[in-house]
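Enquirer: Sequence:
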Amino acid sequence: MDTGGGAQESRFHDGAVGPAAAIAQLLGPRVRLGNPVRAVEYGDRGVTVTTTEGILRARRAIIAVPPAALTAIGFSPALPSSRRGWLAGNAMGRVAKIHACYPTPFWRERGLAGIATLYDDGPIGVVFDNSPADGAMGALVGFVYGDRVEHWAAMDSDARRAAALGSLTTVVGPSALHPTDYTEKNWAADPFVHGGYEAFAAPGAWTAFGRHGWREPTVSLHWAGTETADQWNGYMEGAISAGYRAADELADSLARDRKSVV
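Position one of the sequence shown corresponds to residue 10 (my numbering), numbered consecutively onward.
Possibly wrong hints are sitting among the right ones.
What the hints assert, rightly or not - List of simulated lysine to any residue pairs, SDA-like, C-alpha gap at most 25 angstroms:
#1 K106 to A67
#2 K194 to R41
#3 K194 to A77
Since the hints were derived computationally from the structure, they do not count as laboratory data.
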């Protein structure tokens, strides 16, 4: 949670979507949006992926999906018991995220950082100054955690907004009540993620299922995603390192496949 010298030190100028958008541009039409996977059939002969738009076939596949979201995909044959046990023992956290934008980062003029951890009864638990580097506008980002999400999400949209902005006033003052733009995202309600920021292993999950269920390849399936990273697990850095690791696994497997054919 540290800012200076920690995981929260830097931000992307183009937003968190920037790296994904850059990769999508590089890959072009190979990226298929709005095309969720419904079933995966795998074996020694390859992988067949059934989506809402058709069928794809490959020799091997890398699956980078949060553990809870994998429950929406049917696997044939059924995944090994170690893998199923690992998935069952890794729930996603509960978090919602709000952004409030202003003409300027007015709090800086008052010598305020716009960064705080809140322990009151309001919905927001952590606030960061998410303004662009040049200060051309002001932006505060707040996070609603755990049980706070349940109560806050049950409100109507106007009440949620009022409660969130009320939390921001405790950090930067009453001017926080008048943003030029406000947006929110409840990751716990997203069917393709099921929560945030990451999955966390329940007591006993590591010792019972971790050795073979965490990220060990399953025949022609390789597992990636930030939840499979051994460093920066749950962060974008972890997702990137997990992708490299899974790609190396796949390359080695394909090389062995070719040798066995020869």
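Enquirer: Next, verify each hint and record whether it holds.
Expert: Okay, the hints, checked on the actual structure:
1. Among the hinted pairs, K106 with A67 is inconsistent with the structure: their alpha-carbon atoms are about 37 angstroms apart, more than 25 angstroms.
2. A hinted pair counts as satisfied when its Cα atoms are at most 25 angstroms apart, and K194 with R41 qualifies at roughly 23 angstroms.
3. The suggested pairing of K194 with A77 holds, with an alpha-carbon distance near 18 angstroms, which does not exceed 25 angstroms.
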